[in-house]
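Chains as they are written, first to last, in this note's numbering: chain C, 1039 to 1307; chain S, 1039 to 1307.
Hints are computed from structural coordinates only; laboratory data are not their basis. A couple of the hints might just be wrong.
Since the list gives no way to pick one copy over another, a pair counts as held whenever it fits inside one copy or between any two copies.
Said to hold, decoys possible - No farther apart than 16 Å at their CA atoms in a straight line, the calculated lysine to aspartate or glutamate pairs in the EDC-like style are these:
id, residue 1, residue 2
1, K1254, E1240
2, K1254, E1174
3, K1138, D1224
4, K1213, E1145
5, K1250, E1094
As the structure is a prediction and not an experimental result, all values here were calculated from the model.
2 protein chains.
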Amino acid sequence: MAGTDKSQEIIYRPSPAIILCEPQLGENIGTAARAMANFGLWDLRVVNPRDGWPNERAVAAASRADHVIEKVRIFATVQEAIADLSMVFATTARQRDLQKPVYGPEEGSQRIVSHIAGGAGAGLLFGRERWGLLNEEIALADAIVTFPVESAFASLNIAQAVLLMSYEWRRQVDKGEVLPFDGGLDAPAPREELHNMFGHLEETLDRSGFFKTEDKRPNMVNNLRAIFARASLSSQEIRTIRGVISSIDRMHLRHGRPPKDSADEGGEE
Amino acid sequence: MAGTDKSQEIIYRPSPAIILCEPQLGENIGTAARAMANFGLWDLRVVNPRDGWPNERAVAAASRADHVIEKVRIFATVQEAIADLSMVFATTARQRDLQKPVYGPEEGSQRIVSHIAGGAGAGLLFGRERWGLLNEEIALADAIVTFPVESAFASLNIAQAVLLMSYEWRRQVDKGEVLPFDGGLDAPAPREELHNMFGHLEETLDRSGFFKTEDKRPNMVNNLRAIFARASLSSQEIRTIRGVISSIDRMHLRHGRPPKDSADEGGEE
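Given the sequences, and given the hints that come with them, work out the whole structure.
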């Protein structure tokens, strides 16, 4: 469908980041870029693309969405790709054994629009062509977004999933229906702080013998992460929880001998 | 995105016909078929396809939406293709000098859903890759449907336009119906279990010296409780967190002397 007005300038308005996780085909990156451009998105991040970057097939498939392609950023892991965001939704067509809220595209987009209207960063995570996102990637997200597809034919192409979410985002923005106030919750922390907290907790639990056997560990880690990812923790709350972990962890030092290590991060408000 | 449940039967419910007008690329016919299948549409009509029919590239691009491809009907003109329908909307990204109502995808789909619910046939007309629909083709339609795209980048691929309309149709049909799966979030635990967890955590933190001064304690307790109260924890998750607390708390016992207290609640799934 023709209709582009070349006299118009591209507008870079605050909008969600689109994160493609290990896409195999350059065409899909390009078509996703084009779909984003159609609805005014521009922040495209690619985790570990199979064929490297830049990719000629992506450029060709983008069909002149050059302003998106030129800004593409490449990351080695999902954690790095979402480090600066404070709301991340994972898209999937399959039910997962993870404790996460599940939204449709409409409700998911409404939440993203409200979040971004509050000045914060949000992102949408899309999985591989063949098998989507891994559970450990979904565990990093606040919630799941899934599409109202036919269960007998549920497999959406990545670029089409990106298109639908871009369309829904635009539709919600254009409604301008952001609520006049929110719950006064502090802004959620950038993802990196949450990841560091995960690392702190899991390292401590490794030492404490919490994960009784190595094969149980991945599931238990995902379940623990799901609890905290769901809670939209602020930076202050993350510091508090890290203080809690450290405080309990070091208790025996204080009890066993003089508390020489008083400059820890425990208990600060 | 994987997720197709092959045990499910295809349902042919009353839904709008999709009419592609003189498509050049078989790929676009196939991708349109796949997009239709995702949202439960199945009546695909093609007017005068450049490369004839059947078309191998269409079959490949349909990605197993065979039930749509096998039912494709070929017509010589738009008039013949829409002859049995009583409501037809033409999609276009460009303003036309035609006196027609113009709807967005949402309003257009609502009208189609109502029309079909009344037992009548409806269709959506999509134009050529390069220049869309001719004015004389649009003139045959009841109304125009256009998309809320960026005017600086308005060119939607045909299959993507079909996808958006299929999605919107499905969304309107399903209004108030459920997503294919929900989060399966376990029911939040009775408040008493949460309170007991608070007690366990706070007692441990009292011993660990987390609350540096007594006057800081109430606020810090409230902040900690707020985090966990917000997370809608299930009974299992509460047991997990209590296991985490106990595990860290007792680490020094295990490290300092033989673990005589192995019947603790730590680390059970």
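Here's how the hints hold up against the structure:
Within a single copy, K1254 and E1240 get their C-alpha atoms as close as 13 Å, which meets the 16 Å cut-off; across copies the closest is 28 Å, which misses it. With identical chains, the CA atoms of K1254 and E1174 are at most 16 Å apart within one copy only, with a shortest distance of 14 Å there and 37 Å across copies. In this homomeric assembly, K1138 and D1224 come within 16 Å of each other (Cα to Cα) only across copies, at 10 Å, whereas the closest approach inside a single copy is 21 Å. Both within a single protomer and between protomers do K1213 and E1145 lie at most 16 Å apart by alpha-carbon distance, with minima of 13 Å and 13 Å respectively.
Within a single copy, K1250 and E1094 get their C-alpha atoms no closer than 49 Å, and across copies no closer than 55 Å, so neither meets the 16 Å cut-off.
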